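Asker: Protein sequences, first through last, are from chains G and L.
Quick note on numbering: the first sequence equals residues 1 to 114 in my numbering.
Quick note on numbering: the second sequence equals residues 1001 to 1114 in my numbering.
I should point out that these hints are in silico values taken from the structure, not numbers from a laboratory.
Honestly, I wouldn't trust all of these hints.
[What the hints assert, rightly or not] Quick list of in silico lysine to any residue cross-link-like pairs, SDA-like style, CA-CA up to 20 angstroms:
1) K1044(L) - V13(G)
2) K1044(L) - Y25(G)
3) K49(G) - M1060(L)
4) K1044(L) - Q2(G)
5) K1044(L) - T106(G)
6) K49(G) - E88(G)
7) K49(G) - R1013(L)
For clarity, every value in this text was computed on a predicted model and none was experimentally measured.
Residue-level listing of the chains:
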Amino acid sequence: AQSVTQLDSQVPVFEEAPVELRCNYSSSVSVYLFWYVQYPNQGLQLLLKYLSGSTLVKGINGFEAEFNKSQTSFHLRKPSVHISDTAEYFCAVSEVNTGNQFYFGTGTSLTVIP
Amino acid sequence: NAGVMQNPRHLVRRRGQEARLRCSPMKGHSHVYWYRQLPEEGLKFMVYLQKENIIDESGMPKERFSAEFPKEGPSILRIQQVVRGDSAAYFCASSPQGHTYEQYFGPGTRLTVT
């Protein structure tokens, strides 16, 4: 089974500052990688995904992530955060060959401070 | 095209009662997945179903939990004789062909056991 580690459970950041949310996974097989956002009492919304090709992936709301195969990482970044970015962010992995399920990290709570 | 629909959105049950959670996939989707999110944790895979078939139930607790996806109607996740530890958010996702990169999540059902 896959293991997904989100190293920071809580990240406070001032408005308009940059932010990076870290995600590492354990896998010896090819994987797909995803970032989801969850606003309070709501479902998951896909921010971006890496399936193949360019390792720099751009998503919605100005977010981007970079796949680093050698470090088995998929960190999420945004150059300038907004109050509305306050939410829970989940990194998820699925295996290319057998992937009918996600393995999720435990989440990072991003709080944007005005 | 309506998204994945789940009902009820909130469900309160007393210990020992049964809980039934419903998931209507997106139009054209014949693959359904159930995930559970315990407080302060990420989502964990429970079960993957196609119409009338359970494909992978490796994440389902061995007792009290069952799932179905009949030929007609929504997918149902049934929890018999609920206990306090079943309190969680239960998310359903659907996809047209069984790949994670095509999965869309519903808004979830928040189950509270008193």
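Asker: Just pull the numbers of the violated hints for me, sorted ascending.
Answerer: Numbers 1, 3 and 7, in rising order.
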